[in-house]
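Participant: Chain order of the listed sequences is A and B. Converting from the first sequence to our numbering requires adding 527 to each position, the first position being numbered 1. Converting from the second sequence to our numbering requires adding 342 to each position, the first position being numbered 1.
Incorrect hints may appear among the rest.
[Stated by the list, open to error] Pairs of lysine-lysine, BS3-like flavour, derived with a Cα cap of 25 Å:
no. : chain 1 : residue 1 : chain 2 : residue 2
1   : A       : K762      : B       : K716
2   : B       : K412      : A       : K606
3   : B       : K907      : B       : K876
4   : B       : K907      : B       : K890
Read the hints as simulated data drawn from the structure, not as lab findings.
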Amino acid sequence: METTGVPAGWEAYGDERKERVGFFTDTSVCIGCKACEVACKEWNLIPEDGLVWSGESYDNTSQLDANSWRHVAFVEQRKPLRVGEDGEPGIDRGDPDGDALRWLMSSDVCKHCTHAACLDVCPTGSLFRTEFGTVVVQEDICNGCGYCVPACPFGVLDQRKIPSTLNTGHKPDLPALGPLERGEKEDGRVWKCTLCYDRLKGGHEPACAKACPTNSIQFGPLDELRERADARLAKLDAEGWNGAQLYGRDPDDGVGGFGAFFLLLDDPEVYGLPPDPVVTTRDLPEMWGNMLVAATAMVAGMAAMFLGGRR
Amino acid sequence: MPSLGTSFGRGGATTFQQDLQNADCIVIMGSNMAENHPVGFQWVMEARERGAKVIHVDPRFTRTSAMATKHVPIRPGSDIAFLGGVVNYLLQNELYFREYVEHYTNAPVIIREEFVDTEELDGLFSGWDPEEGKYDVESWMYEGMELHASAGQREEGFDATKGEGSGHGGAGGGLEHGEPPEEDRSLGHPRCVFQILKRHYARYTPEFVAEACGCTVADFVDVCETLAANSGRERTSAFCYAVGWTQHTVGVQTIRTAAIVQMLLGNIGRPGGGILALRGHASIQGSTDIPTLYNILPGYLPMPHTEKYGDLESYIEANTSPTGWWGHFDAYFASLMKAYFGEHATPDNDFLFETLPRIDDDNSVYFTIEQMLKGAVKGYIIAGENPAVGHANGKAHRLALSKLDWLVVRDIVEIESASFWYDSPEVESGELAPEECATEVFFMPAASHTEKDGSFTNTQRLLQWHWQATEPKEDCRSELWFYFHLGRLIKQKLAGSEEKRDRLVKALRWEYPTHSQIQEPSAEAVLQEVSGWKVETGEFLSGYPGLKADGSTLCGCWIYSGVFKDGINQAARKKPHWEQESYVAPEWAWAWPADRRLLYNRASADPDGAPWSERKRYVWWDADEGTWTGLDTPDFGADKDPHYVPPDDAKAEDAIAGDHPFIMQADGRAWLYVPQGLEDGPLPTHYEPHESPFRNPLYSQRANPRRQQNKDLPEDPYNPVAGEPGSDVYPYVATTYRVTEHHTAGGMTRSIPYLSELQPAMFCEVSPELADEVGLEHGGWATIYTSRSAIEARVLVTDRIPSLTIDGRRTHQVGLPYHWGTRGLTTGGSANDLTHMALDPNVHIQEVKAFTCGIRPGRRPRGADLPRFVAELREQAHSRREQEPRVEPEETRKTTP
């Protein structure tokens, strides 16, 4: 399958198709305030995700899942934030012993991939491509089969379990969306970032972008965001920022480019992100093709055995 | 507040957050702005994007440091050493803005011969009396002058030991003719302020700074050079500070040092310059403007003192400055009395001055707690505050509350201050038994900010109105509702009283329209009263120049006068800045005074009235029009010529010359040296914190001689210090702070799942070095202890809390967020159970930013074992000390002539 940089299914909207929108998250200006996490939860009435102190710097959310659609990662490093032309630390950051210190902060989110494996594998059609080019789960259709969960190369998708505070009979302070028809302990459906589809329909930007005080999370038409990101990277390179790179901007990458892409200050692995994500259904046609060949060969072989046997 | 007040004339931030985008350099110190003012911080980010240097000087590497272009770690409590070093560097290397310093500050003024500096008196100024425990400030004064405070002069005979005199707002000094009689414009006279300043900081060399603060010489010099390179005509630098400076026994003096730096660099009153005091959470600026403080009335008018000097005339005289805008004190006061009493207050009855309560002592919160512990306080109202978690020495507070007859707590959730009697560490330990606690607690649920109309006054003096979005539920009521109806009911009950003390209540003007089912009073009506009107016509006032002393004007707060100008709620204006002509955005909300956004902005122009440079133009003199004009309301007489020289008999604002921008000061100048108004010295001096492992490297005078401390309060014992026997029990430097995810004492955030899950446990931050030394495991538990109490916390081992070398010794810090208590979705140890109640003498603020502690791995003892554990260690520490009783130098040394 070739990556063409345009989401399949989006063009099918014809006249109703809107300009493709997404996020450019510029982590060089993220102050780690987590307003994005809170705004997302408030807008989407997402349940609390567990009161667990992780010890992972200031990150107690730990990962994206059904109850956390924005997750701010914190990475403490003994590396300079910027370097001079000679490779030496250009900005004096360190303690008196002279070691550099920096603290990377980055708000992670569903990538709304151009080629979304979750979409490909969903058997019910619950996951669909919107007129904005985004990927959304329709919760009234999702049957909780979970096929999409391993399909996502980023581990974004997850089946919702109602947190333990609700299991103890303690009355929840916040509603969990949808009726708990499948019993009180499990919801079971998959929930993820909708890029605030409802807000987009109303002409508003997503809640996280609106809340972000430093404009780290930028929302807008995707090609405009890509231009902006290119200019931003050029500026940071000129200023000697150590390790600045764009992640998911390239429409030729393994998922055809992200709808929500990033400017990182180090390699993706440092942030817990896969360095070279590939849509997991990329090889499916080839695999089906191989299987067809194998099946045909098997049928032919069996036919030969039977036919041969009758003479 | 008194720092900025005595230095410049008003006790508030000199600039606004949006103006930071114009700074060429921003120093953030004593503040973690990105974490605690995240929205305002976007303007720092904007400056950085434009190429500004952002320097964060702080013991910890925080989310602010992560965004800075430079982080310099220093030991908690060494800020004056660092900033004093900057002053010295600028003076020695002649990097100050000469023209600004000469014309706009009191650098040329000659001081009395009797003044003797700390350099000659080993850490004390002249005038120290160990028996009184305070300074006689006469020797500090200007040569040939009788000094007289602008507002808040302590009246003769009154015991000023508790610090009421300095006030919180415009405490400058009153000079007879607006001009000091003796000055030397060449700045060479040995007793001129400039030379005194030089001598005072001469030993604050870069090497001294490195030793005392733990930073490198290179880092320190880089900060000085960066500031110097980014100040002057073409460039400006700004300072941002918060409670990292104020919460020290030398808090006020720390801010004063920064004020001196900014005066020397010529940054005050200039775009991209100034000092941004970062406060503002929940309208704290507003709560000193319309005060909830015991010693001031609205607009920083001082609360009158004892009966003995209790007539209106002497009160007015003591507080009126012959020069500057405090010259109209009588008008501000009379208008306030009209607001309180309406028609009942007239010139004939001295505006009912005699009915006002008097203060004769310290009634600040820590003093009150002390009295409460002794059983002297019967009742208490706590509204929107959680002292059981948020105030220093939490245990002392909770025990104090248990001595009350009655307590009213108003809050949106049942906070620890309300539940102390059945849910607190003392109940767990058995020190408090619910069935024996006689305090009757009334918990009155409060409405939240979305459930009422009202205003917030933020860190840049901006009043922003908010409209009610929904009705409060059930019994929840707003503050306004509570106090209005309380007052109404009390008035009803006292209507027939003949008692003299009830005159005030009976005379109170208490008519406000109410609405809705619950009879909510109109907040706008209150705002109108605050802004004021002409009594006869009802015409709304447009500003404080319209206030009169004859009872013809009514105004609840003179600095807010004009917020309802033209009958329009100016604070409710909501035109976004992108729809306005300049970034100053004057049509968004309303700032005091008189809607000026950047204070002292006359200083953005040179003595002739022209901008110092095109790049830094802000306000300037238009000779054709004969007015000042520019991007903001001029903070100056609109038509006062820059070359105006006041005649000899000039009074009030007319006594201020055309080239003196600091119009609230008696001489119109910024004060490098403060002759009167502060308890602990005209110049800041490095003193060690009350609890410190270090001796003072400069003087035998160890700590602030004027700091307030409890000598005979068993609930507030102190750790041994500085190499004393027993100090090894508490060898580490502790500091408390906030994180973005929670709000102060946690009442508003620990009950919310979305915030609680972001920081779901109390934790301490330690360096890998300290963890190794003590055996702490990342992710494990630690017990932290002081003479007061002990708490437990999860351990976060991180490079961001550096260990430093001070005075040749390796020093470790223990970082403690202070948000946690026993209630809510996330509970944990309260860091303030560890802190003590020694205070800054000017403002009675607790020193929770630098104290000492011990730490060990593992969870804390449970039940009665906890106080036993604390006591054993305390005994261990103190018993050795008793053999060599400590007497601090200030207790015996006398420096009066």
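Participant: All hints, please: hold or fail.
Facilitator: To see whether the hints hold, each was checked on the structure:
no. : hint              : in the structure
1   : K762/A <-> K716/B : violated (64 Å)
2   : K412/B <-> K606/A : holds (14 Å)
3   : K907/B <-> K876/B : holds (12 Å)
4   : K907/B <-> K890/B : holds (17 Å)
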